[in-house]
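Fit chain B to the supplied structure of chain A, relying on the hints for placement.
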Amino acid sequence: MIETVLAVVFLPFLGAALAPAAYRVFGEQTAYYAAGVAAVCLGLVWRLYAAGVGLQGGTRYAVEWVPSLGVSLALYVDGLALLIAFLASGVGVLVLVYSGGYMHGEPGQAKYYATMLAFMGSMLGVALAGDLFALFTFWELTSLSSFLLIGHYTSADDSQYAARKSMLITVAGGLFMLAGFLVLAWAGGTTLIAGEGSLVAQAGSTGEQLRTAGLFVPALLLVGVGAATKSAQVPFHVWLPNAMEAPTPVSAFLHSATMVKAGVYLLGRFRPFFLPAEAETLVPEWSVVVLSLGLLTMTVAAVLAVAATDIKELLAYSTASHLGLITAGFGAANGLGAETGAFHVLNHASFKAALFLVAGIVAHEAGTRKIEHLRGLRHDLPVTAVIAGLASLSMAGLPPFNGFYSKELLFEATYEVGHAAGGAAWVFPVVAVLGSVFTFLYSVKFLSLFLGDRPETLGHVHRPPAAMLAPAAVLAVAVAAISADPNGAIRLLVGDVYASTVAGEAHSFSVKFPTKLKPAVVMSAITIGVGALLWPQYDRLHRGVRRLLAGPARANWWYDNGVNGLTTAGRRFSEWAQTGLVRTYAAWTVATTAVLALGAYLVAAVSIPALTPAAGLTPAFVIVLAVAVVGAAAVTGAPSHIAGVLTLSILGFMVAIFYILADAPDLALTQLVVETLVLVLFLLVLNRLPAFYGEPSRLRAIRDGAVATLVGATVFVTVVVSTSASPAEPLSEVLVSRANLPPGEHGAFFTDYGGGSNVVNVILVDLRATDTMGEIAVVAMAALAVLTLIRMRERGETQ
Amino acid sequence: MPIIVVTALALLFQGHNRPGGGFIGAVLTATAAVLVYVTFGLDYLQGLLIGPPTADGSHGATEWYRWLFAGGLAVAAGSGIVPMAAGSGFLTQGVAFVHGLPLYGELEVASALAFDLGVYGTVVGGLLTIVSEVGSE
Chain A
54 MIETVLAVVF LPFLGAALAP AAYRVFGEQT AYYAAGVAAV CLGLVWRLYA AGVGLQGGTR
114 YAVEWVPSLG VSLALYVDGL ALLIAFLASG VGVLVLVYSG GYMHGEPGQA KYYATMLAFM
174 GSMLGVALAG DLFALFTFWE LTSLSSFLLI GHYTSADDSQ YAARKSMLIT VAGGLFMLAG
234 FLVLAWAGGT TLIAGEGSLV AQAGSTGEQL RTAGLFVPAL LLVGVGAATK SAQVPFHVWL
294 PNAMEAPTPV SAFLHSATMV KAGVYLLGRF RPFFLPAEAE TLVPEWSVVV LSLGLLTMTV
354 AAVLAVAATD IKELLAYSTA SHLGLITAGF GAANGLGAET GAFHVLNHAS FKAALFLVAG
414 IVAHEAGTRK IEHLRGLRHD LPVTAVIAGL ASLSMAGLPP FNGFYSKELL FEATYEVGHA
474 AGGAAWVFPV VAVLGSVFTF LYSVKFLSLF LGDRPETLGH VHRPPAAMLA PAAVLAVAVA
534 AISADPNGAI RLLVGDVYAS TVAGEAHSFS VKFPTKLKPA VVMSAITIGV GALLWPQYDR
594 LHRGVRRLLA GPARANWWYD NGVNGLTTAG RRFSEWAQTG LVRTYAAWTV ATTAVLALGA
654 YLVAAVSIPA LTPAAGLTPA FVIVLAVAVV GAAAVTGAPS HIAGVLTLSI LGFMVAIFYI
714 LADAPDLALT QLVVETLVLV LFLLVLNRLP AFYGEPSRLR AIRDGAVATL VGATVFVTVV
774 VSTSASPAEP LSEVLVSRAN LPPGEHGAFF TDYGGGSNVV NVILVDLRAT DTMGEIAVVA
834 MAALAVLTLI RMRERGETQ
Chain B
570 MPIIVVTALA LLFQGHNRPG GGFIGAVLTA TAAVLVYVTF GLDYLQGLLI GPPTADGSHG
630 ATEWYRWLFA GGLAVAAGSG IVPMAAGSGF LTQGVAFVHG LPLYGELEVA SALAFDLGVY
690 GTVVGGLLTI VSEVGSE
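Chains as they are written, first to last, in my numbering: chain A, 54 to 852; chain B, 570 to 706.
Hint data in this document are derived by calculation from the structure and do not stem from the laboratory.
Any given hint might turn out to be false.
One-sided and incomplete, this derived list gives chain B residues near chain A with beta-carbon spacing under 7 Å [unchecked claim]:
{"no.": "1", "residue": "579"}
{"no.": "2", "residue": "584"}
{"no.": "3", "residue": "587"}
{"no.": "4", "residue": "593"}
{"no.": "5", "residue": "596"}
{"no.": "6", "residue": "597"}
{"no.": "7", "residue": "600"}
{"no.": "8", "residue": "607"}
{"no.": "9", "residue": "608"}
{"no.": "10", "residue": "638"}
{"no.": "11", "residue": "640"}
{"no.": "12", "residue": "642"}
{"no.": "13", "residue": "644"}
{"no.": "14", "residue": "681"}
{"no.": "15", "residue": "692"}
{"no.": "16", "residue": "699"}
On a predicted model such as this, the values are computed, not experimentally measured, just so you know.
The beta carbon of each residue, even a glycine, is placed where N, CA and C say it ideally should be.
So that you can see chain A by itself, here it is in the shape it has in the complex:
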């Protein structure tokens, strides 16, 4: 089975690598090649599903990656992973087929299909990742590939802005998540996410350790920021509407089955970790953060969707809103919440992908995406109208469509939280209803594009090609099928997702059409009733919300000003820090190194040993060192560069003599040779420098003096500290005892300790040979760098 799991993750990347070649062969038909790759992935996921490896806590597969560091590529298959994998590959097939019609005659198709496949592969990787390393890697790959897709029209300013925005927000969130992962890995002592011996399996003890260290809430927030940025939760929802600059198939894929689903997937994945079975409070930290965030997003984004003027914009805000619903579900600390999240992931993917494909058909065939220009489309696009009807009624959460069941579960979950905790917790069900009212309103608005009379302004509307209509129809059939038999979908797939997101519970759940008056039914009735009452006022609401959205009330205002401010500040800082003078850089570099080193000694509480005159300090040592000191002093008073370099050499040669006296001929030789070479090189470049030093200002003299003193102090302390250690068995004795070949004992070939008698050289070429290898690589790199910098500087950007 491990081959199958690996194939699911890596086949799309292979397909992406071959896409340019496929484009040469197939041309416009590359869409079907890409869809074929996706279909194979779907088949492989089906194989995993049919083999039952996702049942009862799932199965983990690991491939050794860096065994010496304990890093392996772990993949984990359970209900949640399979659901997301099904969505990514299944919607992937449909979206790629659709692309065959939509992208007809568009530029950059080879790049488009390659990136789409890579995007799908990244999402499959996220879904199946079994450890934090793999999860983070694939997570960032989704950001990267979506960046390329959103910026598909590379020359359009709006595309560039949208791509940059999504990248900036999601990657920044990913870094927060990485920090959270590091905390989790530290506390849990493992990077495995789920399964035996993993973070989730030992959630209790790891959570205790986090709490003791005061890091439970920070870790929760860090991981939460990652999920919130990816799933476009308030206030990070700003990137999602801009992402509609991408070609519509990308939007459909991104909004329904990939990328934004990664965020809610993360919440589902870590839900049993942050919400272990023995939760004590009714509203634990997890709920405070995730449930509030989800409900806030659900409501705010639904209100913003009402203010939208463009059909894709409406759908984009609606996505954020529904992701809020899923988030809220996962946030509720009861079983109903997990049911909501698990079920709505599937429901939302089915109706939202269908709606985006419908929006693409409308935009493609009617030539406009403006809501005000679109009405009565059912006359021209009858099949599309039926699809849109099914999907948007499901989105509105109307019975008996599938969206109704998951929304009903949310109502029950929030009601239960409010009822159990009382007091302020009643705000949860109230906000859930409020958000749903707006959801109802914009869903009906979308549907109304197909109703009513055809306006005069709408020109001729073409029939969509089969390649575009069929995928949308398939999704509509899926919506209808789930609506007809929600328990079937739960039994087949969603029940296992529930088991993945609730700690300690492995049973499934079921929904049923309400026949009795329950709180959730009342809440649904209020939603539909208020929605129906407000519907005639839609235009007034639309204008009202738009009026409110000016200046600081818009999250976008903060984003734009923040990014502009950072850019300006960055430019100012680089002007200040990067003066172009080597001495500035040198001063900063050495001073920082010195401060860091001294600070580290201070933090580590290193004690400086008392200085005692070393035994065996002969007069020869004293004379040599005295000459060195005189040389050093003379450097500061040298009247010219030549004199300075020569007096500096006195210091260097004295050090060499010191090495000879200390029985270190190898060091002395190196010191002598390097000193000579440096001296000669100095003499070479000296005629390029001014003959005399300028008159330094007092301020600069003080600053340079301070830096010099600091560096000197650091070196002094380092030498004293590092030479004071005296291990019980000095390494040198071992080496010296091995240095000479044992006479007669060895055969014709001898490998012990390199078989040499020069200890230094044996260390260099045998014991630490990898170091030496690295060092000569650095020498070669330095030479290459000189070559490139000097040879090629005339061929730079100026030409």
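Below, chain B alone, put in the same frame as chain A:
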């Protein structure tokens, strides 16, 4: 210069058992070259090391140096990979003893010498590249 180069080579070859080694030998060789450069100029040095300039006035010296340091790196890496083929770890060194050679009698052949030669080539090539590129500015 010949004396310095002979000394450098002596340091290189005796390095395994007595003071010396690839790095010191290489830096000393480069020093010899730089001394010639300081005394007679870059063109003379290039002529001495590589031969008379070609028709277009360039020596192609850097190409030679580049080969030298790339080759040195390859030799060093190769000397690390060979023991792997023999079943030892990367960069394991050993000594073989050859008997009955004329003049020498017993000779000790250390595999570390190959690595040292690689170090030598890399450092000489690298330093001469830097000197000739910076010097021609």
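Now the hints, each set against the structure:
Contact between residue 579 of chain B and chain A, as hinted, is not supported at the beta carbon level, the nearest pair being about 12 Å apart and thus beyond 7 Å. Against a cut-off of 7 Å between C-beta atoms, the interface hint on residue 584 of chain B holds, since the closest Cβ of chain A lies about 5 Å away. Contact between residue 587 of chain B and chain A, as hinted, is supported at the beta carbon level, the nearest pair being about 6 Å apart and thus within 7 Å. Taken as an interface hint, residue 593 of chain B checks out: its beta carbon lies about 5 Å from the nearest beta carbon of chain A, inside 7 Å.
Of the supplied interface hints, the one on residue 596 of chain B holds, with its beta-carbon coming within about 5 Å of a beta-carbon of chain A, less than 7 Å. Hint status for residue 597 of chain B relative to chain A: holds, with the closest Cβ pair at about 5 Å, below 7 Å. Because the beta carbon of residue 600 of chain B sits about 5 Å from the nearest beta carbon in chain A, less than 7 Å, this interface hint is met. The interface hint given for residue 607 of chain B holds, since its Cβ lies 6 Å from the closest Cβ of chain A, which is under the 7 Å cut-off.
For residue 608 of chain B, the shortest C-beta to C-beta distance to chain A is roughly 10 Å, which exceeds 7 Å, and the interface hint is violated. Against a cut-off of 7 Å between C-beta atoms, the interface hint on residue 638 of chain B holds, since the closest Cβ of chain A lies about 5 Å away. The beta carbon of residue 640 of chain B is not positioned within 7 Å of any beta carbon in chain A (closest approach about 10 Å), and the interface hint is therefore violated. Here the hint on residue 642 of chain B is kept, as its CB sits about 5 Å from the closest CB of chain A, short of 7 Å.
With a cut of 7 Å, the hint placing residue 644 of chain B at the interface with chain A is violated, because the nearest CB-to-CB distance is about 10 Å. Annotation: interface hint on residue 681 of chain B holds; nearest CB of chain A at approximately 4 Å, less than 7 Å. Residue-level restraint check for residue 692 of chain B holds (minimum Cβ-Cβ distance to chain A is 6 Å; threshold 7 Å). With its C-beta approaching chain A no nearer than about 5 Å, residue 699 of chain B sits inside the 7 Å limit, and its interface hint holds.
In the structure shown, a violation is registered for the earlier hints numbered 1, 9, 11 and 13, in ascending order.
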